[in-house]
Amino acid sequence: MVLSQYEDLREWSAILEKDVLVLNTTMTCPLSCDFCCYACHPGRQEKMPIDQALSLIDQAAAIEHFSSVGFTGGEPMVHREDFLAMIERCALHGLPFTVASSGYWGESAEEAQQLAARMAACGLRRMNISCDPSHAEFVTPEAVTRAAHACAERGIPVYIVGTFDMPGGTLRDFVPGLVDVPNVHLIDKIVAKTGRATKWDVDYAALTGPKVKTCYRRVHHDIVVFWDGKTYPCCSTFNRATPGLVMGNAFAEPLALIRARIEASLLLRVIKREGFPEFYDIIERIDPALHADMPKFEDYPGACSTCHAVLRKPHIADRVQAVFETYRTQEIIKTMDRVEGVLGKERAAAFFGNMLEHCS
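In my numbering, the protein residues as written are 1 to 360.
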């Protein structure tokens, strides 16, 4: 496999990122969409303590692997003072940030201009705004349009993301006023069966194009910390409902330690770089009984839904982890045998001894 095939898969955005610290700061949201993966709504009260959020930004700034911070929720701007404090902390470190928002702050043209100016001054790298028939029940397309223009006219790339229940739904028809606006990009997506949308009749078979077989980021990581500190290795729609994806709690241990754990995971590396066909081949070779019991890739629309199906049940997730520990041991032994075949026993022993000394 050539190096170019390991490049990150980005659904949108020409910006090259390394690791991104994503802070899911609150479950409070002015919307209550059927397909919200976290069942956010105006009555939710969960919120990340501001001291923890600022500490995480400080930690990310000190780790060379992070290239930006992302803010999402819920609606990250609904707790405005906290949000402004967080982006100002990013600015202090010269750390760019992105925001995923409903665009509700565009209801007022004055507020949209003021907030966009403040974010741009602090280092806003990209604005993602949700807009589709479901979101429009709570935030008008006109508000989204004002919010988008306020950012775009300051040179900020704006991605309007529309989620539809049928292939063929398009933002070009829903917000025609944003078509061909400089710095504004329209992204059409098909809904994932999350939240109350699990009961929707979605025809995934009608989707065209090859099914994505790997994680959406193949080299670097979107490390997601929720309001309670639980930390995940990706922005999957299903992560909160997938116990097998929890990588630690960033309120209880250093961010650098959690990142190292994610980077060292052979399970994640196979899913990200090789994909689910190789993942299933490894499991079938090492534990055929587990392979027979597992949900199958062909039964799900993509990598994220497959990952959720496999890792959401602890008894399956534990067996999968055990398989990959065995696989790691097997691969280490193979590598040691190859080195011994090249260097001979004595020189190989000295080589491995030096490695252990330097790595301990």
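Simulated from the structure, these hints should not be mistaken for laboratory data.
Here the structure is a predicted model, which is why all the values come from computation and not from measurement.
A virtual CB, placed ideally from N, CA and C, is assigned to each residue, including glycine.
Please note: incorrect hints may appear among the correct ones.
Unchecked claim - Below, a list of computed lysine-lysine pairs in the BS3-like style, where the Cα atoms sit at most 30 Å apart:
| # | residue 1 | residue 2 |
| --- | --- | --- |
| 1 | 211 | 189 |
| 2 | 47 | 211 |
| 3 | 345 | 213 |
| 4 | 18 | 230 |
| 5 | 296 | 345 |
| 6 | 313 | 296 |
| 7 | 345 | 313 |
| 8 | 213 | 313 |
| 9 | 213 | 47 |
| 10 | 313 | 230 |
| 11 | 296 | 47 |
| 12 | 230 | 213 |
Said to hold, decoys possible - Derived Cβ-Cβ restraints for the label pairs, each shown as a range:
| # | residue 1 | residue 2 | range |
| --- | --- | --- | --- |
| 13 | 228 | 42 | 46 to 52 Å |
| 14 | 298 | 183 | 24 to 30 Å |
| 15 | 256 | 346 | 21 to 27 Å |
How the hints compare with the structure:
no.	hint	result
1	211 - 189	holds (14 Å)
2	47 - 211	violated (36 Å)
3	345 - 213	violated (41 Å)
4	18 - 230	holds (21 Å)
5	296 - 345	violated (43 Å)
6	313 - 296	holds (14 Å)
7	345 - 313	violated (44 Å)
8	213 - 313	holds (21 Å)
9	213 - 47	violated (34 Å)
10	313 - 230	holds (18 Å)
11	296 - 47	violated (36 Å)
12	230 - 213	holds (26 Å)
13	228 - 42: 46 to 52 Å	violated (20 Å)
14	298 - 183: 24 to 30 Å	violated (39 Å)
15	256 - 346: 21 to 27 Å	violated (38 Å)
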